[in-house]
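Once you have looked at the hints, place chain B on chain A.
Read off the chains here:
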Amino acid sequence: MGHQFSRRTLFRTASGLAVAGTLGSTLAACAGGTGAGSDSGKLTMTWWGSDERHAAYKKALATFGKKNPKIKIETRYSGYDGYFDRFNTQVAGGSAPDLLQMDTALVAQYARKGILAPLDSYVGKSLDLTGFSKTLLAAGTVDGKLYGVPSGIGVNQLTVNRSGLERLGLKLPDREWSWSDLKKIATDVYKKSGGKSYGVDDGGGSTLQCFEIFAREKGQPFFSDDGKKLGFTADTLQEWWEFWAGMRKDHASPPPAITSAAHNDLTKNAVVIGKALFTFDSGVYGAGGAITDAQLDFLPTPQGDWSGAREGNFVNGGVLLSATKASKQVADSVKIMDFFAQDATAIKDMQLFRGIPPTEKARSLISAGLAETDKLNMANADYISQRVGKAGNALPAPVPPPKGADQIWDLLFQSNLAVAFGKKSIKAQLSEFFDQAQSVLAG
Amino acid sequence: MTTAKSDEVAGQGPAAPATPADRRERERMRRRAARRRGGGWWPYLFLAPWFVGLFGLTIYPMLDSLYLSFTDFDLLSPAKWVGTENYSRMFTDDPVFWDSVHATLLYVVVSVPLKLALALGVAMLLNRDLKGIGLYRAAFYLPSLLGGAVAIAIVWRQVFGGDGLFNDFLGWFGIKGQDWISSPDSALYTLVLLAVWQFGTPMVIFLAGLKQLPKDVYEAAAIDGARPVTRFFRITLPLLTPIVFFNLVLQIIDAFKTFTPAFVISNGTGGPLNSTMLYSLYLYKKGFTDLQMGYASALAWVLFLVIAGFTAVNFVASRYWVHYDD
Numbered sequence: 001m002g003h004q005f006s007r008r009t010l011f012r013t014a015s016g017l018a019v020a021g022t023l024g025s026t027l028a029a030c031a032g033g034t035g036a037g038s039d040s041g042k043l044t045m046t047w048w049g050s051d052e053r054h055a056a057y058k059k060a061l062a063t064f065g066k067k068n069p070k071i072k073i074e075t076r077y078s079g080y081d082g083y084f085d086r087f088n089t090q091v092a093g094g095s096a097p098d099l100l101q102m103d104t105a106l107v108a109q110y111a112r113k114g115i116l117a118p119l120d121s122y123v124g125k126s127l128d129l130t131g132f133s134k135t136l137l138a139a140g141t142v143d144g145k146l147y148g149v150p151s152g153i154g155v156n157q158l159t160v161n162r163s164g165l166e167r168l169g170l171k172l173p174d175r176e177w178s179w180s181d182l183k184k185i186a187t188d189v190y191k192k193s194g195g196k197s198y199g200v201d202d203g204g205g206s207t208l209q210c211f212e213i214f215a216r217e218k219g220q221p222f223f224s225d226d227g228k229k230l231g232f233t234a235d236t237l238q239e240w241w242e243f244w245a246g247m248r249k250d251h252a253s254p255p256p257a258i259t260s261a262a263h264n265d266l267t268k269n270a271v272v273i274g275k276a277l278f279t280f281d282s283g284v285y286g287a288g289g290a291i292t293d294a295q296l297d298f299l300p301t302p303q304g305d306w307s308g309a310r311e312g313n314f315v316n317g318g319v320l321l322s323a324t325k326a327s328k329q330v331a332d333s334v335k336i337m338d339f340f341a342q343d344a345t346a347i348k349d350m351q352l353f354r355g356i357p358p359t360e361k362a363r364s365l366i367s368a369g370l371a372e373t374d375k376l377n378m379a380n381a382d383y384i385s386q387r388v389g390k391a392g393n394a395l396p397a398p399v400p401p402p403k404g405a406d407q408i409w410d411l412l413f414q415s416n417l418a419v420a421f422g423k424k425s426i427k428a429q430l431s432e433f434f435d436q437a438q439s440v441l442a443g
Numbered sequence: 001m002t003t004a005k006s007d008e009v010a011g012q013g014p015a016a017p018a019t020p021a022d023r024r025e026r027e028r029m030r031r032r033a034a035r036r037r038g039g040g041w042w043p044y045l046f047l048a049p050w051f052v053g054l055f056g057l058t059i060y061p062m063l064d065s066l067y068l069s070f071t072d073f074d075l076l077s078p079a080k081w082v083g084t085e086n087y088s089r090m091f092t093d094d095p096v097f098w099d100s101v102h103a104t105l106l107y108v109v110v111s112v113p114l115k116l117a118l119a120l121g122v123a124m125l126l127n128r129d130l131k132g133i134g135l136y137r138a139a140f141y142l143p144s145l146l147g148g149a150v151a152i153a154i155v156w157r158q159v160f161g162g163d164g165l166f167n168d169f170l171g172w173f174g175i176k177g178q179d180w181i182s183s184p185d186s187a188l189y190t191l192v193l194l195a196v197w198q199f200g201t202p203m204v205i206f207l208a209g210l211k212q213l214p215k216d217v218y219e220a221a222a223i224d225g226a227r228p229v230t231r232f233f234r235i236t237l238p239l240l241t242p243i244v245f246f247n248l249v250l251q252i253i254d255a256f257k258t259f260t261p262a263f264v265i266s267n268g269t270g271g272p273l274n275s276t277m278l279y280s281l282y283l284y285k286k287g288f289t290d291l292q293m294g295y296a297s298a299l300a301w302v303l304f305l306v307i308a309g310f311t312a313v314n315f316v317a318s319r320y321w322v323h324y325d326d
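Quick mapping for you: the protein sequence lines, in order, are chains A and B.
Those letters in the first sequence? Residues 1 to 443, per my numbering, in order.
Those letters in the second sequence? Residues 1 to 326, per my numbering, in order.
If we strip away everything but chain B, and leave its shape as in the complex, we get:
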C-alpha cells in the first residue's frame, strides 16, 4: 500500500494564468491534432505501456477484488461464491470490525484538523523573506519525507515506550509517565501525534497558496487599521479556503488509509485491545494472517465507499464555505 500520494501535488501548485499567446498556441495544437485523428492507432501504441499498467495492475485487480468480496476465499483454494454474506457479517457479527471503525474515525477526526492547523500555522511563519528561509522550509518538510517509513514508526515505538525518551522528558518536570504505546487509552494518540508531526505536504501547499494572495488587499486592510488576527480571519482564511478544502480532502483520504505506523507501532497486532486497529490494518490482518481474503476484499470496498462518501459530502459542503475566484 503506497502512502503519501499527495506528495506529488507539491511541485505542481495552482495553474498559471493563460496569456493570449498561450491560448493561440493551444488552439493551433488542437487543430493539428484534429487533422491527424484519421490514422489513429499510433498514439495508442505509445500509450500501450501505460494501459497495460492501468488494466493489469489497477483495473483488473480492482474488479477481481469486487468479485472476491462476494466469495469465501482463503488465498490457497479456489474462491466459493457466498453472495452478500461477507457484507452482512461485517455489520452484524464482527465486533472487531466496529473496534476498527471506531479507532479509524477517531484517528481521522482528531489528526486531520490538528495537522492542517499546524501546517497552516507553520506555513504562515515561513511565508516571509528571511535569510536562509529555504533551509527552514526544508527542515520543516523533512519529517514528511521520512513519513511512511518503517524506521520512523520504530523510533516512535521507542520514544513513547515505558522507558522511552518521552517519559525521560516528563521526568525532568517530576511527572511520572506510563507506557503510552501499551495503554489502550493513549496508544491511538501516539499515532495521531506521528501523523500531525508529518505536516510537511499540506504545509508546502499552504505556502504556495499564501504566496499567491493579493498584496493590495492587505495594504488596504493595514490602512484601515486591521489587526493581524482580524487580517487572518477576514482576509487570509477566506481567500485560502480553496487550498484548505483541497488539503482537507487529500488528508482525510490519506488518514483513512493509514497503515504502516499502526502496523509497526502495535507490532502488527492493532493492540492494546484493538485501540490502534486502524481499518487498513484490520483489512490486512483478515486477508493475510487469517486468510479471509474474500472478507478482506469486502472490507476494502466498504472503505472505498466510505471514503467516496466522505469526499462527496466534502464537495457538497464546500459550496457553503469555499470561495473561488472564478
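Same shape as in the complex, but just chain A:
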C-alpha cells in the first residue's frame, strides 16, 4: 500500500483545529457580561485564610445557625491566591456572594464601583459597633460611608524566630529599634550561624509592612491624598533600595532566588524554610516548616534613625466583612457581621485568626485562653497602637489604596528583584519604576 497523505485531509483537519483551538478558547474566555446578585434562598458567604481560620469561621457560623435557624448560610473559602480573581468573575457573572471577607487594601475600589452595600443605615440598629474606635472604622470607610466592618486591629510588624535567635546567642532587639539595628542583628545572624542562615527576608520590594513605613518616617505617604500620584520621592526609594542592596551584600538578607520563590507562596518564605530569622510577612505564624516548634515573637517595623524621622507605623482594620449591593439579603448579612463583632462565642471562636479583636471587651474575653505566641502578638500590637496614638508627628493613616495599587506593589517587588538579580542598576530601575507607576495611576 502506498502512503496517502492527501493535502486536502490534512489541511482541513489542521485548519479546523486551528480555528477551534485559538478562537474557541482564547477569545471566548475574554468575553463577559454584567449581571445582578444571586437569588437562591441561601446566603452565600466567602472568605480567605488558613485552615485554622476556616475552622474558626465554621464553628462560629454553626452557633449563629442555631440562634438564627431561618438564615441558611452557604460558605466558600480558600487561600488568598485567586480569591479576588474569583470574586471579580462572580460579580461579572451575577453570582457574587452576599457576604464576603474584604481586604482593607481593596475596599475603596469595590465601594466606588458600587459593588458593596453601604452599611450606615444599620449602624446602631441591627449592627452594634460599640467599642470600635473611629480610626479603626476608617479602614472600612470610603468617601464618608461605611462599607466593611473591621475584624480587628492590624499592625505592621516583623515576625521573629526567637528560639533561632537565642540558639545563636543573640538577644531579641528592643521594640524601639531602628533600621541600622535591623542591619546589625541580621548581619550577626549570618555570621553566628556560620553562613547557614540569613538575617531578614529581603524587604526592598515589599510595600505594606516595609517601604510604606519607611516613606512615612520620611514624612511621605505611599499614595498622594487623591490617589492619583505616588506620594514619595525618587530619593526616598533610591535610599531604600541602596539599604537593601547593602543588606544583600552583607548577607543580612538572602539572595534574590529565595525572595522570588517566596513571592505569593508562604511555604517558601525565608523564615519558614529556615533561611532567615526575621520576616516582614505577617502570615507565617502557623505555616509550619522550620518554625513548627520555634517560639515566635513580634516587633514593630523599625524606626528611622535620621534627624527629623517621624512615627511611620499606623493601625489598620485587619480584614473586613462586607455585603454586596446586588444581594437581596443585606439585612441578614448585617446580622452576621454584628454576630462576629459582638457575640462572645464568636469572639472566642475567632481568637486572633482575623487580627487582634477590635474592642476592649473582645480582647479581655479571649486573653485568658490564648497561646503564648498569640499573647506576644497581642502585646506587640497593643504597644504599636499606643505608640501611634501618642505620637504627635505621625502622618494620618493612609488613604484607601486607589485603583491599580496592587499593580504598583507588584511593580515595586519586580523592580527590587531586577536590581537584586543584577539585571538593572538602581538608577535605571528608578526611572523605569516611576514611569510605569505614573502610567498605571493615570490609566
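Take the hints with a grain of salt, since some may be wrong.
With a straight-line cut-off of 25 Å between C-alpha atoms, the simulated BS3-like cross-links for lysine-lysine are [claimed, not checked]:
1. Lys176(B) - Lys275(A)
2. Lys196(A) - Lys80(B)
3. Lys249(A) - Lys176(B)
4. Lys423(A) - Lys176(B)
5. Lys80(B) - Lys113(A)
6. Lys80(B) - Lys192(A)
7. Lys403(A) - Lys80(B)
8. Lys229(A) - Lys176(B)
9. Lys70(A) - Lys325(A)
Treat the hints as calculated values from the structure; they're not laboratory data.
Frame of chain A, contents of chain B only:
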C-alpha cells in the same frame, strides 16, 4: 482555556483510500440527499443543539470580545468605547507586554522543534514489531495524558525547586544546583522541558505516518546499500514531510496558547522578572486580576492574528519543503 485540542486527531489518522465501491455508495447517498432537499428544516432541528453551542458559546463571545477590545471594561461597570487605545497602548506603553512577547516567542521557538524531534525519534524506535510494543507505546504516551494537568505542573515546581529532585540528582555528580524555578535565566526552560516531555500526541501521529510508508522503497534502498542515516534523510523524512508539517502547525498553535504550566509553576505571577510571563498568562492577569478586560480582549485578538499569521506563513513555506503524493 482548553489545552491539547490536538489530541483529538490521534484516533483519526490519514483518510483511508476510497475503493470504487465506496465511491458508488457515496454517489447514491448524495442523490438521496438531493431528493430530500425540498422539505429542509428537519436537519436544522437536529443540528440545533450544536448551533446553539456554536453561536452562544463561541461566535457570540468572540464577537463580543472583538467589541470589548475597543473599550475600557473592568468587568464590574459598563464598557466605555475608547477606539484603538488598547492596541496602541500595547505597542507603545506597556513594557510587560513586550516581556511576555519575548518569553512566548522564546518558548515557541525552543520547545516546538525539540518536541517534534523527540516525538519523531521515539516514534521511529516504537515503529517495529516487538513483543509488548503496545505497552511501550502507551507508556510513552502517558505524559501527554497528564499534559495540561495542574498536578503535573505542581510536581514540576517541586522537582526543579531549590531543594528538589533535580538538584539531588545533580548532587550525585558533585554538581551544585540552583533554584531553577526562581532564577530568571532558567525558569522558562523548566517550562520548555515540561512541554518537550509531553511529546505523546505528535509521536502517535508520527507513528501512524511511519506505518504507512511504502516498504518497497526501503527494500530498493537496502539493495542499493543505503545506510540507516541515509535512509532516514533521503527516504523517511521526505516522505513524512506532510506529517511533520501537520504536527508543526498544531504544535506551534498549542505552544502559543500555553497557560496552565506557566500559571502553576510561577504561582500565577509570571515571575521571576516576567521570565515565564507567557502571553496567555499575561492576558489572564490583565483581565481577571487587574480587571482590564477590554485590554485583555485586545491582547486576545492580537494573539489570534499572530497565530493566524504564523500559520499562514507556515502554509506558504510548506510549498517549498512538503511533498504530497496527490
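For each hint, the structure was consulted:
no.	hint	in the structure
1	Lys176(B) - Lys275(A)	holds, 18 Å
2	Lys196(A) - Lys80(B)	violated, 55 Å
3	Lys249(A) - Lys176(B)	holds, 21 Å
4	Lys423(A) - Lys176(B)	holds, 23 Å
5	Lys80(B) - Lys113(A)	holds, 14 Å
6	Lys80(B) - Lys192(A)	violated, 60 Å
7	Lys403(A) - Lys80(B)	holds, 17 Å
8	Lys229(A) - Lys176(B)	violated, 46 Å
9	Lys70(A) - Lys325(A)	holds, 21 Å
In this structure, the earlier hints numbered 2, 6 and 8 are contradicted, and the remaining ones agree with it.
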